[in-house]
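Starting from the structure of chain A, add chain B where the hints point.
Taken in order, these protein sequences are the chains called A and B. Heads up: the first sequence begins at 190 in the numbering used here, then just goes up one per residue. Heads up: the second sequence begins at 8 in the numbering used here, then just goes up one per residue.
I should point out that these hints are in silico values taken from the structure, not numbers from a laboratory. All values derive from a computational prediction rather than experimental measurement. Some hints here could point you the wrong way.
[Stated by the list, open to error] No farther apart than 27 Å at their CA atoms in a straight line, the calculated lysine-lysine pairs in the DSSO-like style are these:
id, chain 1, residue 1, chain 2, residue 2
1, B, K264, A, K262
2, B, K208, A, K271
3, B, K49, B, K208
4, A, K233, B, K208
5, B, K208, A, K262
6, B, K401, B, K48
7, B, K132, B, K118
8, B, K328, A, K233
9, B, K132, B, K48
10, B, K49, B, K187
[Said to hold, decoys possible] Output of the computed footprint for chain B on chain A, the stretches with three or more beta carbons under 8 Å from beta carbons of chain B:
id, stretch
11, 301-314
12, 337-351
[Stated by the list, open to error] Between beta-carbon pairs, the in silico distance windows are:
id, chain 1, residue 1, chain 2, residue 2, range
13, A, K233, B, E41, 38 to 44 Å
14, B, Q412, A, F235, 46 to 52 Å
15, B, T70, A, K216, 40 to 46 Å
For glycine and all other residues, C-beta sits at the position ideal for the given N, C-alpha and C.
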Amino acid sequence: MSANGAATVEAVKDAIYRSCLLLDDEKWEEWLSLCDDGFQYSIKAFSPEINYDMIYFSADRNHLSTMTEQLPKHNTDHSPLKRHSVVYTVDVGEDGKTATAVTSLVVYQNMLDGINSHLDSGENHLFLVGRYVDKLKVDNGRATFLEREVRLETRRLDKGSHWPI
Amino acid sequence: MPARNRKQWMTDPQLPRGDWVDSRVYSDPEIYEEELEKIFKKVWIPLCHESELPEPYDFRTATIAHEPVIMTRGPDNAVRAFLNVCPHRGMMIERRPSGSFLEGQPSGNPKRMTCMFHAWQFDMKGNCVYISREKEGYQDRICKEGQGLRRLRCEVGMGGFVWVCLDDQPEHSLEEWAGKPFECIREAIDTEPLEVFHYHKAIIGTNYKLWHDTNSEFYHDYMHYHNRVTGFNDEYFARKNIAFDHGHVNVSSFEVKYEEYEGFESREELSFPKFPPNQWYMVDLFPGMNFNLRGSAFRCDIVTPLGPNEVMIEFRGLGVKSDTPEQRRTRIDHHNSIWGPFGRNLHEDLIGVAGQGTAMRPGTEPRRILHGRHEDNYIHDEVGMRHYYDEWGKWVNRLPSDPTQAYKSPAAAAAE
Chain A
190 MSANGAATVE AVKDAIYRSC LLLDDEKWEE WLSLCDDGFQ YSIKAFSPEI
240 NYDMIYFSAD RNHLSTMTEQ LPKHNTDHSP LKRHSVVYTV DVGEDGKTAT
290 AVTSLVVYQN MLDGINSHLD SGENHLFLVG RYVDKLKVDN GRATFLEREV
340 RLETRRLDKG SHWPI
Chain B
8 MPARNRKQWM TDPQLPRGDW VDSRVYSDPE IYEEELEKIF KKVWIPLCHE
58 SELPEPYDFR TATIAHEPVI MTRGPDNAVR AFLNVCPHRG MMIERRPSGS
108 FLEGQPSGNP KRMTCMFHAW QFDMKGNCVY ISREKEGYQD RICKEGQGLR
158 RLRCEVGMGG FVWVCLDDQP EHSLEEWAGK PFECIREAID TEPLEVFHYH
208 KAIIGTNYKL WHDTNSEFYH DYMHYHNRVT GFNDEYFARK NIAFDHGHVN
258 VSSFEVKYEE YEGFESREEL SFPKFPPNQW YMVDLFPGMN FNLRGSAFRC
308 DIVTPLGPNE VMIEFRGLGV KSDTPEQRRT RIDHHNSIWG PFGRNLHEDL
358 IGVAGQGTAM RPGTEPRRIL HGRHEDNYIH DEVGMRHYYD EWGKWVNRLP
408 SDPTQAYKSP AAAAAE
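Next comes chain A alone, as it looks inside the complex (with noise of 0.2 Å):
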């Protein structure tokens, strides 16, 4: 790999673990921000149960932005969720420009006031499994999500949640 291969490498690793943070802390805008105009988000899962290839949720960065804005307006389990995630390969296209990202993605659950919280506060729940598979492009060194598709394995979801995962 060439140094600026490896560098765009190291791009993309910061982005997604930036993400990764921004996500844990809740700042959605500031995790929008590393996310293109024309953002492209999903979640799917395939169902076994039902053979097929099921989306779970979709949106672009100004419905995210959006939804995110009316979250003080609905109720939600606030339990914070926390991400443990691998970046296991990036693959950067041939222009240098673009890369494709997998990452293994654990989220736990950090209990607060979902169920009982004299009882579970403080308590971590395993809340889902899956990747997040990346696009991204990268340019001046810095890398811009243009798509990322969260890819569950988990499809008992229990409440489910607000956030975006």
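Just chain B now, kept in the frame of chain A:
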């Protein structure tokens, strides 16, 4: 009124007995087991949709009241249901959620249901067609002709759902049981074949009836910002809850203004066959199934009670099988925006019933849960729940407002 002391708190409400229930109906382990025996093993339960087993030899597995069930599509295209239990040693025959018997399994042959344990095999009609070393072990004392699976009553209907009844002689046919409440959406869901595009499940620490209660009353729309801004208008408040025989209810429609929620658009471009756009009907079936048609997307909730304080809810979303890819994508987006696991409303509903489950765990003192809103059956009237619990009382022979007493009609209870 100021906060109440215990005596005041425990005093019966100044309402007729049919207007509230005792919370032990949601938490008593003995009542829960009775419900499985007296209700869930007696009534028609939708277990899946026919599109989940579209080809001959496809199968789908599920559970009713502790009993494992398998549904198969035979080479004659008929869908049948059996207990998913081998008559030999009681092993569950098929462990997967779905699949095809066209492929052979390690212990058996293609086109057979095979118990992996000792390789007994069954055809799609439940006939036992092979017992390994039959003559050597059983001589003529047991033969495969007498070892068929336990067949279950099974019908496909109401939009293509597969309904199963554990009772060999149910009191009513499926049509008699559920036909009338479905009339409001029958043309929309029966004109063309439907297809499931969404499935996820939730296991929630709450009683199954509390989920059905939520689906049966719209007063909780105060919890949903989305529904307040898209719905609260004169037309919304003119909707009526309509009660049917057997504890079922449906809710009449109105035009939802989706565009009133920032970021959403009107959904008038896509609907179901013969169904006006942006309309919204709901059918609540006793003892806990919900069918919800919001113009462009159709949702079904199926409950599987797991304990007095635990329920699995399976959520399905459906479109029309002939949808173009664009139409299907639109239906999926519309479904998910409100009802998906990351949508605006379902999360709130589930927080609500989880909170009820937490506050009414087995061992908590009996509480009076009010079902007493009377608004001439209009949308915030709680007639749906009152109607349900009167039916429930008959099935388990208990008085919902005091489940230690035998059932009495609301009129008889009020007269005492």
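The hints, checked one at a time:
This hinted pair checks out: K264/B and K262/A have alpha carbons roughly 18 Å apart, not beyond 27 Å. The hinted pair formed by K208/B and K271/A meets the criterion: a straight-line CA distance of about 22 Å does not exceed 27 Å. A distance of roughly 24 Å separates the Cα atoms of K49/B and K208/B; the hinted pair therefore holds under the 27 Å criterion. Our distance criterion of 27 Å between C-alpha atoms is met by K233/A and K208/B, whose separation comes to about 15 Å.
At most 27 Å may separate the alpha-carbon atoms for a hinted pair to count; K208/B and K262/A meet this at roughly 26 Å. With a CA separation close to 15 Å, the supplied pair K401/B and K48/B stays within the 27 Å bound. Under the criterion of a C-alpha separation no larger than 27 Å, the hint pairing K132/B with K118/B is consistent with the structure, at around 11 Å. Proposed proximity of K328/B and K233/A is supported: the alpha carbons are some 20 Å apart, at most 27 Å.
Taking the CA atoms of K132/B and K48/B, the gap is about 22 Å. The hint holds against a cut of 27 Å. Between the alpha carbons of K49/B and K187/B the distance comes to roughly 19 Å, so the proposed pair stays at or under 27 Å and holds. With 3 residues carrying a beta carbon less than 8 Å from a beta carbon of chain B, the stretch 301-314 of chain A meets the three-residue requirement, and the given coverage holds. Here's how the stretch 337-351 of chain A fares: 8 of its residues keep a CB closer than 8 Å to some CB of chain B, so the rule of at least three is met and the hint holds.
In this structure the supplied range 38 to 44 Å holds for K233/A paired with E41/B, their Cβ-Cβ distance being about 42 Å. For the pair Q412/B and F235/A, the beta carbons lie near 50 Å from each other, so the given range of 46 to 52 Å is met. Taking the beta carbon of each, T70/B and K216/A are about 43 Å apart, inside 40 to 46 Å as hinted.
The earlier numbered hints are all upheld by this structure, with none contradicted.
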